[in-house]
Structures are given as C-alpha cells and as structure tokens.
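Participant: Using the sequences and the accompanying hints, generate a full structural model.
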Amino acid sequence: MAKEKLVLVGNGMAGIRTVEELLKLAPEKYEIAVFGAEPLVNYNRILLSPVLAGEKNFDDIVLNDDAWYAANGIQLHKGKEIIKVDRVRREVVAADGTKASYDRLILATGSNPFVIPVPGKELEGVVTFRDMYDIERMLAAANNHKHAVVIGGGLLGLEAANGLLKQGMAVTVVHLLDTLMEKQLDAAAAGLLKRSLEERGLNFLMPAQTEAILGETKVRAVRLKDGTEIPADLVVMAVGIRPNFTLAKKAGIHCDRGIVVNDTLQTYDPRVYAVGECVQHRGQTYGLVAPLFEQAKVCANHLAELGYSRYEGSVTSTKLKVTGIDLFSAGEFQGGEGCEEMVLKDAGRGVYKKVMLKDNRVQGAVMYGDTMDGAWYFQLMRDGTDVASLRDKLLFGQAHLGDSGHGDIKARVASLPDTAEICGCNGVCKGTIVQAITDKKLFTLEDVRAHTKASSSCGSCTGLVEALLASTLGGDYSVATKKKPVCGCTEHSHDEVRAGIKLHQLKTIRSVMDMFAWQTPDGCNKCRPALNFYLLVAWPDEYVDDNQSRFINERVHANIQKDGTYSVVPRIWGGETTPGELRALAEIAEKFQVPTVHITGGQRIDFLGVPKETLPAMWGDLSRAGFVSGHAYGKAIRTVKTCVGKNWCRFGTQDSTTMGIDLEKMSWGSWMPHKVKLAVSGCPRNCAEATIKDFGVVCVDSGYELHVGGNGGVKVRATDFLCVVKTPEEVKEYCAAFLQVYREEAHYLERTAPWVERVGLAYVKQRVVEDEAGRKALAARFLHSQTFAQVDPWGERAKGTDKHEFIPLKRVS
Amino acid sequence: MQVAAQSKVPAGNWIEVGTLEDIPRQGARVVRHADGDIAVFRTLDDEVFALRDRCPHKGGPLSQGIVHGKRVACPLHDWKIHLDTGMAVAPDEGCAASFPVRVEGGKVFLSLIPDAGCPNK
Ligand code: SRM
Ligand SMILES: Cc1cc2nc3c(=O)[nH]c(=O)nc-3n(C[C@H](O)[C@H](O)[C@H](O)COP(=O)(O)OP(=O)(O)OC[C@H]3O[C@@H](n4cnc5c(N)ncnc54)[C@H](O)[C@@H]3O)c2cc1C
Ligand code: SF4
Ligand code: FES
Chain R
1 MAKEKLVLVG
11 NGMAGIRTVE
21 ELLKLAPEKY
31 EIAVFGAEPL
41 VNYNRILLSP
51 VLAGEKNFDD
61 IVLNDDAWYA
71 ANGIQLHKGK
81 EIIKVDRVRR
91 EVVAADGTKA
101 SYDRLILATG
111 SNPFVIPVPG
121 KELEGVVTFR
131 DMYDIERMLA
141 AANNHKHAVV
151 IGGGLLGLEA
161 ANGLLKQGMA
171 VTVVHLLDTL
181 MEKQLDAAAA
191 GLLKRSLEER
201 GLNFLMPAQT
211 EAILGETKVR
221 AVRLKDGTEI
231 PADLVVMAVG
241 IRPNFTLAKK
251 AGIHCDRGIV
261 VNDTLQTYDP
271 RVYAVGECVQ
281 HRGQTYGLVA
291 PLFEQAKVCA
301 NHLAELGYSR
311 YEGSVTSTKL
321 KVTGIDLFSA
331 GEFQGGEGCE
341 EMVLKDAGRG
351 VYKKVMLKDN
361 RVQGAVMYGD
371 TMDGAWYFQL
381 MRDGTDVASL
391 RDKLLFGQAH
401 LGDSGHGDIK
411 ARVASLPDTA
421 EICGCNGVCK
431 GTIVQAITDK
441 KLFTLEDVRA
451 HTKASSSCGS
461 CTGLVEALLA
471 STLGGDYSVA
481 TKKKPVCGCT
491 EHSHDEVRAG
501 IKLHQLKTIR
511 SVMDMFAWQT
521 PDGCNKCRPA
531 LNFYLLVAWP
541 DEYVDDNQSR
551 FINERVHANI
561 QKDGTYSVVP
571 RIWGGETTPG
581 ELRALAEIAE
591 KFQVPTVHIT
601 GGQRIDFLGV
611 PKETLPAMWG
621 DLSRAGFVSG
631 HAYGKAIRTV
641 KTCVGKNWCR
651 FGTQDSTTMG
661 IDLEKMSWGS
671 WMPHKVKLAV
681 SGCPRNCAEA
691 TIKDFGVVCV
701 DSGYELHVGG
711 NGGVKVRATD
721 FLCVVKTPEE
731 VKEYCAAFLQ
741 VYREEAHYLE
751 RTAPWVERVG
761 LAYVKQRVVE
771 DEAGRKALAA
781 RFLHSQTFAQ
791 VDPWGERAKG
801 TDKHEFIPLK
811 RVS
Chain P
1 MQVAAQSKVP
11 AGNWIEVGTL
21 EDIPRQGARV
31 VRHADGDIAV
41 FRTLDDEVFA
51 LRDRCPHKGG
61 PLSQGIVHGK
71 RVACPLHDWK
81 IHLDTGMAVA
91 PDEGCAASFP
101 VRVEGGKVFL
111 SLIPDAGCPN
121 K
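If you're matching them up, the sequences are chains R and P in order.
Its first residue numbered 1, the first sequence is counted upward by one per residue in the numbering used here.
Its first residue numbered 1, the second sequence is counted upward by one per residue in the numbering used here.
Derived by calculation from the structure, the hints in this document are not laboratory data.
Treat each hint with caution, since some may be false.
Stated by the list, open to error - Below, simulated DSS-like cross-link-like pairs (lysine-lysine); rule was C-alpha separation at most 27 Å, straight line:
1) P:K80 <-> R:K810
2) P:K70 <-> R:K440
3) P:K80 <-> R:K675
4) P:K80 <-> P:K58
5) P:K80 <-> R:K453
6) R:K441 <-> P:K80
7) P:K58 <-> R:K440
8) R:K484 <-> R:K440
9) R:K56 <-> R:K453
10) R:K507 <-> P:K70
11) R:K484 <-> P:K58
12) R:K562 <-> P:K80
13) P:K58 <-> R:K78
14) R:K484 <-> P:K80
15) P:K58 <-> R:K562
Facilitator: In structure tokens form, the structure reads like this:
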C-alpha cells in the first residue's frame, strides 16, 4: 500500500515534536515532508536566551540534525516559506515555487513578534527576539556597539537584556508598567527581581512609554513620551507575540486570534491540523512549550488513527531563564473575591513565596529565590487538592511535611511523590525519571535527558533532575552493609574483591575474574578500570598496568573533548609560575596552533583542541621546557591550589605556597579511586578554598589545620575538620597517610566526600590521627608506591611509548 | 564482520590496512578516510570488527572506547555499541555502519563498502 503523504508547514518546536510523536506511534504510515521558513534544522527556541548570553552556541541547541531527518526518511525543505495552501488540489506552494501535495497537512507556523507601531521602527538596528537570525544580529551589534535598549519588561525582554549585558553592552529596559513581568509576578516578587537585575548592572526606566525611535538610517536613540532620549545602537522589541495564521487565513481556514482547532487539533478542514503557538483552542492561545507538546501528542495520536486522546487545554507555569535567578509563577496570583493569600518573605535570604488559596485549594503561586517547591504547588493546583490539613506548613515546602526535612535539595526531591512533575516543558514526572535511572542504569544528566526528555528543553529543572540522580544513585553509597556488586559482571562487592586480591595474592585482572567467577568473558568498562586500580594499589612494585582497561583519558594521558580532540594541562606546582615558564608555554601554544588556551579553575593552563596525533610532539616540547603531566584527565592527584601566604599577604600566617608545592611534589602521579584535589590557604580567610577539597590545609598562627572530604561539583560538601598539626613535616605525613587509607579502602569512583560519609569521620580520625604507628606505616606505603608512580607519562610518550595510540592504522584516500 | 579464513586472496574493494598485531587486544585503531574514519577493533579472542568511528548518540569516536566482549563503550557518554552489528545496546537506539573485515595470514583486510542496514554511513 502506498504511504499517505503528510506535509508539515513550520519546522519549529511544536511541529517537529508532533512528527516525533507520530514516528513513535506509526513510523511507516506517512511519507513526510517538512517546510521551514528558517534556513536551519529544528532547534530549541527556548535556549536562544542562553545563546545570546554566550552560555551556549547553536550546535548545543539543535534538537534534530540533518541526519535525523534523513534517518527517518523525512524530506526537509529548509529556508522555504509556504505562501499558499491549495485545499482543493491538496497542495502547498513555497515562495520559490516548490510544491508538495498532501493527504494530511499540519500547520505549525508559530507566532510573530509584535512590533509597536512607532516612527523609526524600521530603522537598521531595531530587532525582535524570536529566531536565530535575530540572535546573530544582536551578537553582531554587541560586538561593535555599546548601548542597547530593550523595549518590554516581560520574560523575553528580561532574557534579552540579560544576554546583551553579558555580551558587554550597557542595557536599559523600557517598560510600560511599573512592575516587571506583570503577567507572572506580583509587585513584591517583581521588586525583588528588579533589584537583583539592577545589581547585575541593568538599568530600568518604568513606567515609560516609547514614542519614537530616532536615527537616519541606523538607530541612534529611543525617545520616550516624557521627552527623555536614551542613546541606543541596538533596540530590541520584546513586547509580545501574535499567533501567525496569515497562511491559514488565506487558505480560507477559520481563524480568530489563532487558527481555531478542536480537541484533536483539527481545523475546520479535517485534513488540516494545526499545533503550536499559531493555534487557538477553546478560546485560548499559548506561548510556552509545555502545552504545545501536549498538543503535539494528541495530534500525533489522531494522525496515527489511534484516536483515543483528546486535548483539553493546559494550565501553565513559568520560570525565568536568567542564570542565578530563581523565579517561578503559576496560575492566579493577584487574588480576588474569596481568595486568601499566604506569604513568606525573608529579605535576608532573598526569598519570597506567595500561595493563593480559594476554598482551601491552590489557585496560583509566585516564588522568588527558592523555587524548589514550585513543582509541588503546581501539582496541588492542577489536582485541586484540598490543602486544609497542610495549611500550617504549606509555605515551608513539602520537605517540612514529615520529620525528614533538613531542607536540602536531595531530601526534598526524595520526599516528592512519584507523580510530581519535575520537567514542566516535557511533562515528565518524578516516577518516570527514577524508573529510567534504575531500569536503564543512567548515570548522567545527559542520559536522563536522552531517555526521558526531562530537562532537555529550557533546562531550568536541571537541578531537580541532578538531585534525583544523586538521590537515586547515591542511595548505593549509604547501604554499605548491604552487598552491592562491582557491576553486572559479578555478584561480588568491591570490598570482597579487594580483600580477595590480597588474600589469594591475585596479580592480574584475569586471575581476579577467574577467582570470583566473572560472568562475562572480559568484564566491562565499569569493572575493568576498578580491578586495574585495585591491583595497582595492592602490588605497586609488581603489577603491570593494563592500559586497555583504562578509560581513554588515562590511556592516552589527555582529556577527550566533545569533538574528539584532546586537552593538555601541564602541572604548575602549587599554581605558582615564572615568566620563563609562561614564555615557554606561549611558544608551544603558538607552535602547535592551540585553538583555545584557558586558565583553569585549578590554577593552571589548559591547551584545548589538540589533535591526538599532535600530542606526543607537544609533550616532547613541554618536557624539554621542564613540565610534567598535570593529570587533569585522571582519577589521580589533580591540582594543589595555594594562595600567596605569608610571603606577601598581610594576613598570611605560614608559607602556604611552599607547603602546597611540597605536597604536590610528594603526591603527584599517584592513581586514586577518584580525582583528588588539595589546597593550602595561608590563613582562615581561605583564599585557596581549602575547605572544599579532598585534603585541605588552613594555616593558622599555631600551625596547620587539616581538613578532609570536601568537594565542589554537583553536590558541594565542605570538609570535616581532622586535626591541627604544628610542622610542615607532620602535614606531609598526615596527608600521605590519609591518601593511602583512601586509596586502599575506598571503592573505585568513590570520591573522598562520599567515602568519609560512608566510613565515618571517627574512623578516618582513628586511622590517621590517633593510631600513630598506623599512620606512619600508611605514609610509608604511600611514599613507596610513589617511587613507581612519579614517572612523567608525557615524557615517556614523547619518546615513543604506546606509539600506536597516536598514529592511525592506515590512511586511505 | 569476520569472514572464514579459507576464502581466496582478497580482491576488488578489499584493502590491506595492517597486521593483526598492529591493533591492541581489547582495543582499536583508526583507518583514516576522506568519507570519515573507520575504527578497526580487536577483541580479547582476536576477532576483528570495523565500524564507522562515529557514535550514533553524538558522534563520539568509538575507537577510543573500552572494548569488552563484543562491545565497545563510547568514551563520551558511555553508550554501548555491538561490534558485530554496529547497533547500540538497548535501551539506547541507533547504529554505526559496520564494514566487512577479514584476517588472512595475520593481515587485516577491510572493505570500504559498508554492510547494508544502517543509515549512518
Ligand atoms: C579544565 C577545568 C575547567 C576550567 O577550564 O577551569 C575542568 C574541566 C573538567 N572538569 Fe572540572 N575542571 C576544572 C576544575 C574543576 C573544579 C575547580 C577546582 O578544582 O578547584 C571543580 C570543583 C572542585 C571539585 O572538584 O570538587 C571541578 C569539578 C568537576 C566535577 C565534579 C566533581 C564532583 O565531585 O562532583 C567533574 C565531574 C567528575 O569528575 O566526575 C568535573 C569534570 C571535568 C571534566 C574532566 C569533564 C570531562 O570528563 O571531560 C572537564 C575536563 C575538560 C578538559 O579537558 O580539560 N569537574 N572541576 C578545570 C581544570 C582544573 C585543573 O587545572 O586541572
Ligand atoms: C527567546 C525565547 C525564549 C523562550 N523561552 C521559553 C521558555 O523558557 N519556556 C517556554 O515554555 N517557552 C519559551 N519560549 C517560547 C517557545 O519557544 C515557543 O512557545 C515555541 O517555540 C513555539 O513553538 P511553535 O512550533 O509553535 O513555533 P516555532 O518554534 O516558532 O516554529 C514555527 C516555525 O514555523 C516557521 N514558519 C512560519 N510560517 C511559515 C511558512 N509559511 N512556511 C514555512 N515555515 C514557516 C517559522 O520560521 C518557525 O521556524 C521562548 C521563546 C523565545 C523566542
Ligand atoms: S564539566 Fe566542568 S568544564 Fe565541562 S562544562 Fe561542566 S563545568 Fe565546564
Ligand atoms: S557520543 Fe557516544 S555516547 Fe554520546
């Protein structure tokens, strides 16, 4: 049977989502053609804001690349605007004359930004904020010019203003009303928002009405009704959108404020569907993706002729995507007849929450500063839950309902019910995410995004998804007494395997696998690196490292990047360098045309974008200039951060720099269960951030405070205080001992923070502080292992070790 | 895929790319080609497979992954790919094109014409 023909007009978020949903239900049913006026593949329009702010680039926001269209047999007509729908011949016609006939047609033409009809609106330099083309024009202006005026203080206007500010422009926001985002916020929340945006450097003129845009051919200034003139090289109009239904209307399809559709997203012509912002459904139009994605699902269901789902309208919630500002709004928040308002205001923490109730049911909520419970209020609101029994705790959030809450994010997500919606854009609830994490063995945010779509649109629920990952996976850490196998290849736990290696004198990966009856022929990429590490720690002077059981970064001693190139971070002892070293680095960077040189967060210099084949030559030069590998790629000693200490600083109590350099010289090259970072601060002001490091030293008048088990990262943990010692020699001994217990006893990929939490600080103190003989023995074992470890892997490879890694097997032309 | 060793001297589109010993066990090497790199893998028991060196997820270089059994773990986000078919291990979905390879007299021969079935050539 010949396939039916489906044509989609509008290669945007709603249209393509419909096609995706359809392919899931009936992949073979239609021959699909897509027309898009933009010359691009489908991208995530929401993330234009971070692109403008320089936080992402276009590649990051592509949703479906060319390969996707090809793989699904979809014919994509990029840059072809449809100008006519001939419903009698069932054919669409593009501006360039391309035609396509259809059995069914989807209109998903989105909206057009509204341009206020003032004189000068057509001048060069006046732009809207809707598509990639607009972004390009804004970025170009940001490059050359200084002053930007954004007209409109709504969601889009503020995101545009923030982006331009980040691009270095002086930005003024002109807003008609006296509160920002008046559709989403009440006056109190809007005030807080305004204040924190002002602190970032935005200017506001409000209430203020634009009268004209001035300039000859290019914009020069904006004039307000009261006569004020604001200089401007760029004017962004962000005053709202209008559903784009010109094409539908011309084709004689009934339109009102949008293309009118029924509950199966059909227009008055049943062969023609419409989805997205161009649609009017039960009198409503929408400007956020969540409802559009719901529409897409229903539309696809009908196109697949399953016909069991109906779209009945959506309730929406909003978040602002300005990094560092947390804001949530849903439903009715202005109050009215019979409404009660519950408000929590903590100016000190910058937190404001308002929940609007009517007959003990949530009507709406506005939150600023702490939006963690937004999903919960939204759920209560949509379900129409009677909250009479929750009233006294409602404002404190869900975690405070039981006795569990310390208010940390992990405890709070843990307390959410499975039905709580985590990702508003894609309508994904907690249960679905947790199930995907456990069933599909997901470990990273990327994986969760790929499998569930949660956090893949606007990204504002990323924190929640990460917390779910942490709480779902992290549970593994806490059940230390319950046996958890190393991986799917065996039933045995990390501890059993480690003990067995010593007891039975196992000295190869093969013999461990045989002894413990591995169920796979040669393990997997989880157990092999772990076994390799365990053997290396157990038999430092005998074990022959198995390179093929190391992750690529450790195998080639450089960090793989997303494009397959590598990064190179030479060790800079204690973060201290010299003009001579810098000159040598500069010359090497130039010689090898390193595309990006970055000062890392670890007080070192990173050469990014080095092709694999170039690595040995570059390392040869580095080696000759006296540099060794910084192990920035390894489960190994990474950096030792230091501050200038008493050599220069007026507060310094000890020579923290030398202390740090000594520690780094002692420990570099050592392989670890996870990465290990050290730091030494010269006084309790702690400029080297020693208290979020695996091992941190804070110098004080009387000696050195030692701290352990801290990290930054996804889940920041401040260190635990271990003890105070008096001399640099003691610092080194305690440090070596601590590193060695950790090496000998932690599970592979368990960083010091979870390890200290698992075994308890008391245990660590007992081993490192109280048991003096034990400490000295541990330190001695560490130093012994170091005699084999401190061989610069770069120098070796520059001389020819593992040559096969760096040259192709063959080149074929 | 590997072809039984009794077949005749390779002819036609087969090219010699090196010896078996050139490829580390549980590892891979890259054959550079204008149409895209091809990764040639060698398993623990010396089976040899060739795949387009592009992960179906986000294009990661599969040649750089850890080889275990008849699978490779992509270095970028840890998808697992079947070496014999190029298919992603479920529940992930997608494939990397596989290329015919054979080993004769210790030499590795590769065909540049991918097996049918995977659009990601
Ligand atoms: C290069 C650098 C960013 C920069 O340009 O500044 C960086 C880059 C990466 N970090 Fe980092 N981190 C860098 C400093 C940091 C810091 C700051 C610090 O060390 O003071 C932190 C927070 C402190 C900490 O580690 O606790 C940091 C916390 C992380 C984490 C989260 C760790 C955690 O325990 O939660 C990861 C993920 C991981 O390791 O699993 C990570 C992972 C990564 C990886 C390795 C991701 C990857 O696998 O590709 C990045 C490697 C890029 C590359 O090729 O160089 N990076 N990373 C910094 C290198 C420092 C150096 O000189 O070696
Ligand atoms: C900067 C910005 C930030 C945003 N932030 C958020 C947010 O945080 N959260 C949220 O939920 N939503 C946000 N949105 C809104 C969201 O992006 C839209 O709701 C969504 O993209 C609408 O999808 P759509 O498919 O209806 O329209 P679009 O994605 O605009 O797609 C319509 C496509 O149709 C094309 N087209 C129009 N007419 C024709 C024709 N005649 N022929 C061929 N092609 C045609 C257009 O060129 C366009 O590519 C934001 C929007 C912008 C611009
Ligand atoms: S892992 Fe580190 S370097 Fe990479 S993007 Fe995240 S914060 Fe930046
Ligand atoms: S690119 Fe291979 S797993 Fe992501």
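Participant: Are K58 (chain P) and K440 (chain R) close enough, with their CA atoms no more than 27 Å apart?
Facilitator: Holds - the C-alpha atoms of K440 (chain R) and K58 (chain P) are around 19 Å apart, at most 27 Å.
Participant: Quickly compare the C-alpha distance for K484 (chain R) and K440 (chain R) to 27 Å and report which way the hint goes.
Facilitator: Between K484 (chain R) and K440 (chain R) the Cα gap is close to 17 Å, so the pair holds against 27 Å.
Participant: Does K58 (chain P) pair with K562 (chain R) here, judged by a C-alpha cut-off of 27 Å?
Facilitator: 9 Å, holds
Participant: Check the hint pairing K70 (chain P) with K440 (chain R) against an upper bound of 27 Å on the C-alpha distance.
Facilitator: 20 Å, holds
Participant: Just to be careful, I want the Cα atoms of K80 (chain P) and K453 (chain R) compared with a cutoff of 27 Å; is the pair within it?
Facilitator: 20 Å, holds
Participant: Sort out whether K80 (chain P) lies within 27 Å of K484 (chain R), counting only the CA atoms.
Facilitator: Given that 27 Å is the threshold and the Cα spacing comes to 22 Å, the pair holds.
Participant: Holds or violated: are the alpha carbons of K80 (chain P) and K58 (chain P) at most 27 Å from each other?
Facilitator: 13 Å, holds
Participant: Within a Cα-Cα threshold of 27 Å, do K56 (chain R) and K453 (chain R) meet the stated pairing?
Facilitator: Holds - the C-alpha atoms of K453 (chain R) and K56 (chain R) are around 19 Å apart, at most 27 Å.
Participant: Check whether the Cα positions of K562 (chain R) and K80 (chain P) lie no farther apart than 27 Å.
Facilitator: Roughly 17 Å separates the two Cα atoms, so the pair holds.
Participant: Keeping to a limit of 27 Å between CA atoms, is the pair of K484 (chain R) and K58 (chain P) held or broken?
Facilitator: 31 Å, violated
Participant: Take the C-alpha atoms of K80 (chain P) and K810 (chain R), compute the straight-line distance between them, and say whether it is at most 27 Å.
Facilitator: 25 Å, holds
Participant: Assess, step by step, whether the Cα of K507 (chain R) is no farther than 27 Å from the Cα of K70 (chain P), and give holds or violated.
Facilitator: Distance ~25 Å between K507 (chain R) and K70 (chain P) Cα, so the pair holds.
Against the hints set out earlier in the document, a violation occurs for number 11 only.
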